[in-house]
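J.: One line per chain: the protein sequences are A and B, in this order.
Reading the first sequence from the start, the letters are residues 5 to 262 in my numbering.
Reading the second sequence from the start, the letters are residues 604 to 993 in my numbering.
Mixed in with the good hints there might be a few duds.
Said to hold, decoys possible - Here are the in silico distance ranges between beta carbons for each label pair:
{"no.": "1", "chain 1": "A", "residue 1": "THR148", "chain 2": "B", "residue 2": "LEU868", "range": "28 to 34 Å"}
{"no.": "2", "chain 1": "A", "residue 1": "ARG23", "chain 2": "B", "residue 2": "ALA834", "range": "45 to 51 Å"}
{"no.": "3", "chain 1": "B", "residue 1": "ARG796", "chain 2": "A", "residue 2": "ASP75", "range": "28 to 34 Å"}
{"no.": "4", "chain 1": "B", "residue 1": "MET930", "chain 2": "A", "residue 2": "THR234", "range": "57 to 63 Å"}
Unchecked claim - Which chain B residues stay away from chain A? Per the calculated CB distances, all over 10 Å, these:
{"no.": "5", "residue": "LEU656"}
{"no.": "6", "residue": "LEU712"}
{"no.": "7", "residue": "ILE720"}
{"no.": "8", "residue": "PHE774"}
{"no.": "9", "residue": "PHE839"}
{"no.": "10", "residue": "PRO963"}
Said to hold, decoys possible - Which residues of chain A face chain B? A few of them, derived with a C-beta cut under 8 Å, are:
{"no.": "11", "residue": "ALA7"}
{"no.": "12", "residue": "ALA61"}
{"no.": "13", "residue": "ALA81"}
{"no.": "14", "residue": "ARG82"}
{"no.": "15", "residue": "ARG104"}
{"no.": "16", "residue": "ASP105"}
{"no.": "17", "residue": "VAL106"}
{"no.": "18", "residue": "ALA127"}
{"no.": "19", "residue": "LEU135"}
Quick caveat, the hints were computed from the structure, so don't treat them as lab data.
Fair warning: this is a prediction, and the values are worked out from it, not measured in the lab.
Here a beta-carbon is modelled for each residue, glycine too, at the ideal position from N, C-alpha and C.
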Amino acid sequence: MSAIPNATLGIEGLCVNARRLSLLQDASLQVAAGEFVGLIGPNGAGKSTLLRTIYRARRPDSGKVLLDGVDLWAQSARWGAQRVGAVLQDMPADFPLTLRDVVAMGRAPHQAAHAAENAHDAALIGAAIDLLSLRHLQDRLFATLSGGERQRALLARALVQQPRLLVLDEPTNHLDLRHQVEFLDLVRGIGVSVIAALHDLSLAAMVCDRLVMLDHGRVVADGPPEAVLTPARLRAVFGVATVIQRHPTRGTLVVLPE
Amino acid sequence: MTMRADAVQTGPATDPHCALALLRAAPPERERRSPAWNSLSDAVAARARLFRLSMLAYVALLIAAIFGGLMLGSVSIPAGTVLRVLANAALGDGWIEPDWRAAHEIIVLQTRLPRVILAAVVGAGLGVAGMVIQALVRNPLAGPSILGVSSGAAVGAVLTMRFGLTAFGVFTLHLSAFLGGLVTLALVFWVARTGGQIAPTRLILAGVATSAVLSAFTALMVLTSPDPQLAARVLFWTLGGFASAQWALLPIPVAALCLGLGVLLLQARRLNLLLAGDESAAALGVDIDRFRRSMFVLTAAITGVTVAVAGVIGFVGLILPHIVRLMLGADHRVGLPSVAVLGAGFTVGADLVARWIIAPLELPVGIITALVGGPFFIWLLRREAWRMRG
Chain A
5 MSAIPNATLG
15 IEGLCVNARR
25 LSLLQDASLQ
35 VAAGEFVGLI
45 GPNGAGKSTL
55 LRTIYRARRP
65 DSGKVLLDGV
75 DLWAQSARWG
85 AQRVGAVLQD
95 MPADFPLTLR
105 DVVAMGRAPH
115 QAAHAAENAH
125 DAALIGAAID
135 LLSLRHLQDR
145 LFATLSGGER
155 QRALLARALV
165 QQPRLLVLDE
175 PTNHLDLRHQ
185 VEFLDLVRGI
195 GVSVIAALHD
205 LSLAAMVCDR
215 LVMLDHGRVV
225 ADGPPEAVLT
235 PARLRAVFGV
245 ATVIQRHPTR
255 GTLVVLPE
Chain B
604 MTMRADAVQT
614 GPATDPHCAL
624 ALLRAAPPER
634 ERRSPAWNSL
644 SDAVAARARL
654 FRLSMLAYVA
664 LLIAAIFGGL
674 MLGSVSIPAG
684 TVLRVLANAA
694 LGDGWIEPDW
704 RAAHEIIVLQ
714 TRLPRVILAA
724 VVGAGLGVAG
734 MVIQALVRNP
744 LAGPSILGVS
754 SGAAVGAVLT
764 MRFGLTAFGV
774 FTLHLSAFLG
784 GLVTLALVFW
794 VARTGGQIAP
804 TRLILAGVAT
814 SAVLSAFTAL
824 MVLTSPDPQL
834 AARVLFWTLG
844 GFASAQWALL
854 PIPVAALCLG
864 LGVLLLQARR
874 LNLLLAGDES
884 AAALGVDIDR
894 FRRSMFVLTA
904 AITGVTVAVA
914 GVIGFVGLIL
924 PHIVRLMLGA
934 DHRVGLPSVA
944 VLGAGFTVGA
954 DLVARWIIAP
964 LELPVGIITA
974 LVGGPFFIWL
984 LRREAWRMRG
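Input sequences plus hints: build the corresponding full structure.
T.: Here is the structure:
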């Protein structure tokens with residue numbers, strides 16, 4: 005069966021500056037095809053900035069974002085959106101858009117400039133809405149949905165984009181405990197290449213194949229959760245003493261404050 | 604829009620594996636599988652029906668307003684005569700026996716027709732420009748006049764009149780109004796911009812402040828002018844009107860407005876994406892900075908040209924997009940054509956009222972749009988406040 009291929013992502017020597025402030029300094033990392041990579045680090049470490057260079061919201065000042073070896077910023081915005089789907093923290097809702105309107109936006113990069121939605125688009129939108137159990141909410145105004153429902157709608161929007169790489173920026177921010185795990189397990193189940201900024205270190209260790217730790221705009225650690233999450237490093241980067249244990253059923257690392 | 608409870612489940616049984624397989628299938632595979640799935644609910648169909656119905660109503664309103672505009676005024680001309688005069692003009696001599704007074708033909712063809720055409724095009728331009736600006740700044744309360752574009756264009760026009768500039772012939776006025784609007788918009792955005800983001804509140808404050816300065820500047824120019832007629836001419840700009848409509852001056856502004864409208868109507872999908880915020884729009888393939896810049900230039904151009912030919916007509920660009928969105932939702936593919944037709948009909952109607960209500964004298968049309976639009980806008984704000992409270 006022919007499926008959408010998963011992309012590899014290469015970040016090479018990325019620098020982003022804002023005025024005199026350096027948000028990212030010479031950051032490099034790799035995401036293999038189908039790999040789930042977590043970006044961790046304290047607030048202001050540069051996680052969101054790095055992700056923004058991948059979904060083309062911020063052009064890097066130097067360095068490269070390579071998608072399947074192709075320089076993303078040398079291509080058109082549309083080229084990027086046909087390959088990279090992003091789930092952002094939230095979406096403004098000042099205008100009367102329904103949930104279905106929002107999900108349907110994900111088809112835009114694949115449609116001709118003024119073509120109407122066709123049967124395939126409608127089918128993909130329906131499949132994504134069903135996959136995320138949003139069918140009963142599809143005609144509700146986006147502004148009236150709960151945080152968790154919005155987050156699922158934004159994932160549905162990214163999925164109808166048929167991305168080869170999924171970018172998640174703190175996707176579990178607005179979710180309760182059950183939906184956090186459900187959401188990330190669901191993304192894992194899709195099997196697409198993922199790069200996700202995650203706040204919760206235990207959650208990150210649970211779902212990610214590999215973790216990349218950022219601090220002050222630099223990559224300070226990169227490897228499997230066991231290699232990255234050490235008490236010494238967490239004290240150095242987060243400035244907090246921690247205890248690290250094994251999850252009793254999943255066997256993944258659990259990080260607790262001491 | 605009410606929905607039956609059983610209307611919700613219109614898709615097939617929800618099988619997550621099936622859904623995922625479809626979403627991750629490459630094109631040929633996808634096309635084999637997809638017809639089985641359907642995301643079109645009754646509400647989506649109802650919305651499409653509503654669009655067709657309301658479009659019909661808007662077109663009917665426009666036609667009624669145009670006929671009213673051709674029939675009524677200081678002299679009333681029967682509808683039959685208007686129709687035959689129009690048909691005669693369109694078909695040429697020999698088809699219809701002219702049995703009307705020559706004065707009526709002149710009134711319909713030379714006085715009222717250019718005026719109605721100009722009002723229609725200006726109304727469509729203002730409505731569409733308003734809707735686009737609201738999408739660009741992601742604020743349903745924005746509009747060409749609130750953001751200072753109109754007063755900027757008026758300053759450009761008044762400068763031309765005050766100093767008798769004629770570098771580009773009769774179109775010097777149009778050009779300077781356009782430049783005035785553009786420069787003002789750029790200024791307002793520069794003031795409102797903080798760290799690459801444009802906060803709606805700052806934008807409106809910047810627009811209000813800039814408008815105040817520009818209005819003062821206009822008043823200063825008028826008061827210090829040696830030309831005693833200038834004040835009366837400037838009053839025309841600040842209140843708007845179509846009294847100066849004549850065939851000779853029509854083609855270029857009408858062509859410019861139609862061209863601008865055409866380009867804007869084609870941007871509907873990208874404007875939709877903009878409603879989701881800059882970050883989302885970028886992720887969905889919009890080159891935000893370039894797109895926004897070009898849209899601003901275009902809307903400033905349209906507003907500038909409308910101000911040049913008809914003065915500052917307030918509230919059309921603010922209220923009509925609101926009405927359309929209340930009825931049809933925020934989709935610009937539906938909203939832009941609707942607001943164009945509704946804007947045309949509303950403005951032709953307002954112009955009719957303006958020259959009919961105290962005939963043979965006439966009021967500036969801006970007074971009518973403000974008298975209708977102002978209270979409506981206040982009601983809209985109150986309604987939002989009531990809704991928020993409970």
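J.: Non-interface claim for LEU712(B): all C-beta distances to chain A beyond 10 Å?
T.: At roughly 36 Å from the nearest Cβ of chain A, LEU712(B) sits farther out than 10 Å, so the non-interface label holds.
J.: For the restraint on ALA61(A), tell me whether the closest CB of chain B is nearer than 8 Å.
T.: Cβ of ALA61(A) sits 4 Å from chain B, so the hint holds.
J.: Are all beta-carbon distances from PHE839(B) to chain A longer than 10 Å?
T.: Holds, since 35 Å exceeds 10 Å.
J.: Given ALA7(A) as an interface hint, is its Cβ closer than 8 Å to any Cβ of chain B?
T.: holds, 5 Å
J.: So is PHE774(B) really clear of chain A, every C-beta pair being over 10 Å apart?
T.: holds, 31 Å
J.: Quick one: work out the minimum CB distance from PRO963(B) to chain A and report holds if it exceeds 10 Å, violated otherwise.
T.: With a cut-off of 10 Å, PRO963(B) remains clear of chain A, as the shortest Cβ separation is near 45 Å.
J.: Can the hint on ARG104(A) be confirmed by a CB-to-CB distance to chain B that is less than 8 Å?
T.: holds, 7 Å
J.: Please confirm whether ILE720(B) is truly not at the interface, meaning its C-beta sits more than 10 Å away from all C-beta atoms of chain A.
T.: Holds, because the least Cβ-Cβ distance between ILE720(B) and chain A comes to about 27 Å, which exceeds 10 Å.
J.: Lying within 45 to 51 Å: is that true of the beta-carbon distance ARG23(A) to ALA834(B)?
T.: The hinted range 45 to 51 Å holds for ARG23(A) and ALA834(B), with Cβ atoms some 48 Å apart.
J.: Is the hint on ALA127(A) kept, meaning its closest Cβ partner in chain B is under 8 Å away?
T.: holds, 3 Å
J.: Is the interface hint satisfied for VAL106(A)? The criterion is a beta-carbon contact with chain B at less than 8 Å.
T.: With Cβ-Cβ at 7 Å, under 8 Å, it holds.
J.: If you take the shortest Cβ to Cβ gap from LEU135(A) to chain B, is it below 8 Å?
T.: Constraint on LEU135(A) satisfied, holds at 4 Å.
Checked against the numbered hints above, the structure breaks none of them.
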